[in-house]
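Colleague: Here are the chains, one letter per residue:
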Amino acid sequence: MSAQTPRPPAEREQLRALADDLYPRLLRFFRSKVPHPDCHDLAQQTFVEFLKQVQSKPIEDRRAYLFGIARFQLLKFIERRSRAGAPFDSTRLSMAAVGTSLSMHFDRRNRLMAALRELPVEQQIAFELRHGEEMQLEEVAKALDVSLATIKRYLASAKAALQAHLSAGDDPSDSIADAYRSN
Amino acid sequence: MTILDPVTELDNALGKQRFLADQLGEPPPCVRDRYEIRRTLGRGATGLVCEALDRELDRAVALKLVPLRTPRAARDAEREARTLARFDHPNIVRIHDVGRTDRVGSFAVELVFVVMELLQGTSLRHWASVPRSRSAVLEAFLAAGEGLAAAHEQGVVHGDFKPENVVIDARGKVRVVDFGLARWTAEAGPEGVHAPGRAFTQGPRGTHGYIAPEVFEGRVDARSDQYSFAVALWELLTGQLPYAVTDEGRPLATPPRGELALSVELRRALARGFAGEPSARYASMHELLAALRPHVDASEQPPAPSRRNVVAAALAVGLAGVGGLAALASAETPETPAAPRTANPPTMTAPTPKPTPVAPPCPEVAAIVGAWRFTSYVVWADKASLLAARGYYSVEVQPGQGCRAVFLVRKRGDSGKDRYGKIYQDRIVAEVQREADGGITATLDAWLAADKALDGSETGRRSGLHYRYSLQWKDGRLAGDWEMFHKDTDTPEMRGLLAGAPEGVEFAVAEDLEAASCAAQCRIRCPGATAAERCQARCAGGEAAARDCGAPDRGFRPPTATFLAASEPLGWPPAPSDACLKVADRLSGRWRVTRSDRAEVVELTLGSAACSLSGQRHTGDASEAVHGWVDDRGVWRLQAVERPEEPVWALVGRDPAFGVAEGGGAILAAQRL
Chain Z
150 MSAQTPRPPA EREQLRALAD DLYPRLLRFF RSKVPHPDCH DLAQQTFVEF
200 LKQVQSKPIE DRRAYLFGIA RFQLLKFIER RSRAGAPFDS TRLSMAAVGT
250 SLSMHFDRRN RLMAALRELP VEQQIAFELR HGEEMQLEEV AKALDVSLAT
300 IKRYLASAKA ALQAHLSAGD DPSDSIADAY RSN
Chain S
349 MTILDPVTEL DNALGKQRFL ADQLGEPPPC VRDRYEIRRT LGRGATGLVC
399 EALDRELDRA VALKLVPLRT PRAARDAERE ARTLARFDHP NIVRIHDVGR
449 TDRVGSFAVE LVFVVMELLQ GTSLRHWASV PRSRSAVLEA FLAAGEGLAA
499 AHEQGVVHGD FKPENVVIDA RGKVRVVDFG LARWTAEAGP EGVHAPGRAF
549 TQGPRGTHGY IAPEVFEGRV DARSDQYSFA VALWELLTGQ LPYAVTDEGR
599 PLATPPRGEL ALSVELRRAL ARGFAGEPSA RYASMHELLA ALRPHVDASE
649 QPPAPSRRNV VAAALAVGLA GVGGLAALAS AETPETPAAP RTANPPTMTA
699 PTPKPTPVAP PCPEVAAIVG AWRFTSYVVW ADKASLLAAR GYYSVEVQPG
749 QGCRAVFLVR KRGDSGKDRY GKIYQDRIVA EVQREADGGI TATLDAWLAA
799 DKALDGSETG RRSGLHYRYS LQWKDGRLAG DWEMFHKDTD TPEMRGLLAG
849 APEGVEFAVA EDLEAASCAA QCRIRCPGAT AAERCQARCA GGEAAARDCG
899 APDRGFRPPT ATFLAASEPL GWPPAPSDAC LKVADRLSGR WRVTRSDRAE
949 VVELTLGSAA CSLSGQRHTG DASEAVHGWV DDRGVWRLQA VERPEEPVWA
999 LVGRDPAFGV AEGGGAILAA QRL
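Protein sequence lines, in the order shown, are assigned to chains Z and S. Under the working numbering, the final residue of the first sequence carries the number 332; numbering is consecutive throughout. Under the working numbering, the final residue of the second sequence carries the number 1021; numbering is consecutive throughout.
Be aware that a few hints might be false.
Not the full set, but computed from the structure, chain Z residues with beta-carbon under 8 Å of chain S [claimed, not checked]:
id	residue
1	Leu176
2	His189
3	Ala313
No lab work stands behind these hints, which were simulated from the structure alone. Yeah, the Cβ is synthetic: ideal placement off N, Cα and C, and Gly gets one too.
Hey, can you work out the whole structure from these sequences and the hints?
Modeller: Here it is, written out as structure tokens:
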């Protein structure tokens, strides 16, 4: 990626502010699923695409839109990496199944993150956006381009699977959301 | 509020700065205005490894950044730099600079930075993940061994030698990396590197499986590296580490595994290298290398070279480790170290390489790739409490090379405990075949261990519970049978059926042995390989039933519980228990009994009342009354009523049942329908 045509100062300021707010979020979204250096490349590609769209049309819910692009980039990435060349069913298969798992350490955060990566990708994304990014259900539904009912179903399944995976008696959502935000 | 660890903060800051540099032309992140960070190649628990441009010398370098908020790691990084600075050896990664700074570009952070040569390559672990000739592997190790020997001459012990810490570059040059755990031995005293090393103050460090036994006693010297080196080479030549290790990483003193794959001389040389006692090893790395060198066969034809994307490779092997510093652009990995290059050298400024398409797997593999679930059912077990138990599994199938697939098997619970606290798992690479009936089969030898890593690093590590699964995929369903063995033996503890379906699809549990495939029935019913093969041949001949295995193999060892039971007098019937009833209730009827020590078939007719048994035994024209009972372990014993002084038969299982006859021969009892 090379430097673009010079932008007016106001736009530069706006872009810097957006990057301050959104770039770390994007990076953690990808970092929880894809190792280095690809997580950085995907974050960049997503942000560039987002800026293009923001400049060309009014966007109502920017956060949902941003993560919608991020999800699309992720699925494209998985398709490219899928050695079988078979379509990747993100409602069923997890990042762990894709074989891009990061090195697993046995500290708590990594254990929680490993549990997240075991979820089917769509459920993982829904859980992260809802609990990690604290987005409204409607926003999550927009980002994933599915109905509200489907999002609720994803979240319930994700929670049950995480609870079972971690053998947690209590709801592990808060601790996993925290692990996600610090990943 | 979430508190970020310093490495994550640094990673975020570098990503954002890089982005703003690309989009707005802002200054890129830079260390001391000299090392311009191009991209982050890997993140570990304690730091980042980046590709950077050294502006003064206009060359690409690898830059390791370790925030001071992880002081021990920062110390290790500085020590590694000091250690490496002593060397100028073609097989040791070169260091250019080390220092501390309080900012990277606009981001304020105190850190140690180490500037090293940027290697374009992959780890030996990954390089060897495709078939390589033995000579190619040996040559790569000989080169790495020269690097270790040079370090030893300087009084430095690497301390964490393993295939991940050797990088082979596009030209076949081999470099030992990651001296982060290096130790000074003998304080470089005149007696050389074999003087006793310093005792640890913080417990042994290194990587399980590669740590020499003496390291656990706080003794470390160059011979500890020799151990790690020999173990690693053995692993890449045979596919498994020579020794299983305890949970703390200590090797178990057992005969080395996988030795049949190697010639006697090579085996001997390596076994000396990883001898348990340091004094039994070679006096130096040079001596070990001299013993290995004759085994390189220049005429050996390597398998077809494979093209690989190295970025993907590095991700797979995990630059995420603490000390990984091999940095890379796009390159091809050579078959033979130091072989001439066949492609133009990649440039440092090349854009992020796209993954190279890899040959698609064969159709048999492609048909089964995905996530599956299955439930196992115990048909036979050597104790009654296990009969009819279920096990809950998931298995992920990923494409491997050609018609091989990678199976990630996870046992998540059983009918005693729906969900285990830990997941028992293993990663198995196995051949996939298409059968005449269109089904696709694979046999997995799995060693399930709690929370075992599935990233491939554990491949060959044979610890845990040993299962063998014979799987068949047909019409979108999974079926098969399985066997579990007693620890470190080939004696089965359980045998049973399994059934499954793609993740999320309902399926019925297979409990009826009669309904299983003929091949599955043969494996479950027939004791010993020969009996099972005989049975399989009958299947191929179109005989549906596999009830007649013939006699058990002569070498078949009856279950231990039956040996013990057969040596005891019959005594008085036990009080009925759940375990004995579970078995006794299913024993009424006609049986066909064969023995490994006699070519005779015995017909048995049994009736049961509570836990007691009575009936008739027919051998040829002779017939006699028998009686006996089932004990609370589920072992059933029979004795001729008229000859109470004779030893008893003892069997375990319902149908089939295996056991021991008078005289110690193995017996097999199969119910007649």
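Colleague: All hints are to be evaluated individually against the structure, with a verdict given for each.
Modeller: We went through each hint and held it up to the structure:
| no. | hint | verdict |
| --- | --- | --- |
| 1 | Leu176 | holds (5 Å) |
| 2 | His189 | holds (5 Å) |
| 3 | Ala313 | holds (5 Å) |
Going down the numbered hints, you'll see the structure goes against none, and every one checks out.
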